[in-house]
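Each residue of the sequence shown is one higher than the one before, counting from 1 in the working numbering.
Simulated from the structure, these hints should not be mistaken for laboratory data. Be a bit skeptical, because a hint or two may be false.
[Said to hold, decoys possible] Pairs of lysine-lysine residues, derived as DSS-like cross-links and limited to a Cα-Cα distance of at most 30 angstroms, are as follows:
1. Lys119 <-> Lys2
2. Lys102 <-> Lys119
3. Lys132 <-> Lys2
4. Lys119 <-> Lys132
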Amino acid sequence: MKVLIFDTETTGIPLWGEPSDDPRQPYVIELAADLVDFESREIITSLDFLINNDVDIPEEVIAIHGITREMCAEQGISPLEAHEQFVELIGQADEAVGHQVKFDIRMMRIHGARVTGDKWENLVPTYCTMQKAHAHVKALPQKPDGWAWPPTLADTHLHIVGEPFSEAHRARPDCDAARRIYFHIRSL
Numbered sequence: 001m002k003v004l005i006f007d008t009e010t011t012g013i014p015l016w017g018e019p020s021d022d023p024r025q026p027y028v029i030e031l032a033a034d035l036v037d038f039e040s041r042e043i044i045t046s047l048d049f050l051i052n053n054d055v056d057i058p059e060e061v062i063a064i065h066g067i068t069r070e071m072c073a074e075q076g077i078s079p080l081e082a083h084e085q086f087v088e089l090i091g092q093a094d095e096a097v098g099h100q101v102k103f104d105i106r107m108m109r110i111h112g113a114r115v116t117g118d119k120w121e122n123l124v125p126t127y128c129t130m131q132k133a134h135a136h137v138k139a140l141p142q143k144p145d146g147w148a149w150p151p152t153l154a155d156t157h158l159h160i161v162g163e164p165f166s167e168a169h170r171a172r173p174d175c176d177a178a179r180r181i182y183f184h185i186r187s188l
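Sequences and hints are given; from them, build the entire structure.
Put into structure tokens, the structure is as follows:
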């Protein structure tokens with residue numbers, strides 16, 4: 001079995017109630033992905049790049065991930081090339097994995113609609129490390145009514161893998177952390 005573990009960094013949060021081709025949707029500006037052999041846990045193929053969409057990135061978003069328009073312009077690949085590489089890789093996978101994978105799949109659907117005009121749909125079953133880890137993560141913030149917040153990647157990594165994770169909000173470190181969490185949970 002081949003597993004695609006991936007993460008995106010974006011210019012904002014998707015407008016969930018709006019279509020993927022709505023021009024107000026945010027942009028994917030960084031993507032990291034690993035196609036991994038499930039049995040051996042060896043990485044078969046890896047992606048890691050900024051994407052040059054030539055768009056402004058809100059200051060409040062830059063404060064989270066540190067990615068600027070200038071960085072994307074200098075180091076980024078074209079949006080179409082990013083889409084093609086991702087679609088090729090996910091097409092080889094039996095399962096797509098991410099921490100809050102619904103967000104990342106939606107962002108790649110938005111990205112695909114924007115760069116190709118087609119509404120790309122993921123046909124690969126997904127596995128969300130955030131949802132699967134929820135029962136295993138013990139030290140979650142609690143609301144007064146006892147409801148637990150979904151575990152952050154850092155919380156999940158600490159409580160599942162047993163090591164702190166402080167490099168959150170860049171695609172490559174987040175992808176690596178999700179891979180460690182995924183294989184740890186799957187080995188339980």
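We went through each hint and held it up to the structure:
In summary, the hint linking lysine 119 to lysine 2 is supported, as the alpha carbons are separated by about 24 angstroms, within the 30 angstroms threshold. Under the criterion of a C-alpha separation no larger than 30 angstroms, the hint pairing lysine 102 with lysine 119 is consistent with the structure, at around 16 angstroms. Restraint check for lysine 132 and lysine 2: the C-alpha separation of about 19 angstroms stays at or below 30 angstroms, so the hint holds. Proximity of lysine 119 to lysine 132 is assessed by CA-CA distance (about 28 angstroms); at most 30 angstroms being required, the pair is judged to hold.
Checked against the numbered hints above, the structure breaks none of them.
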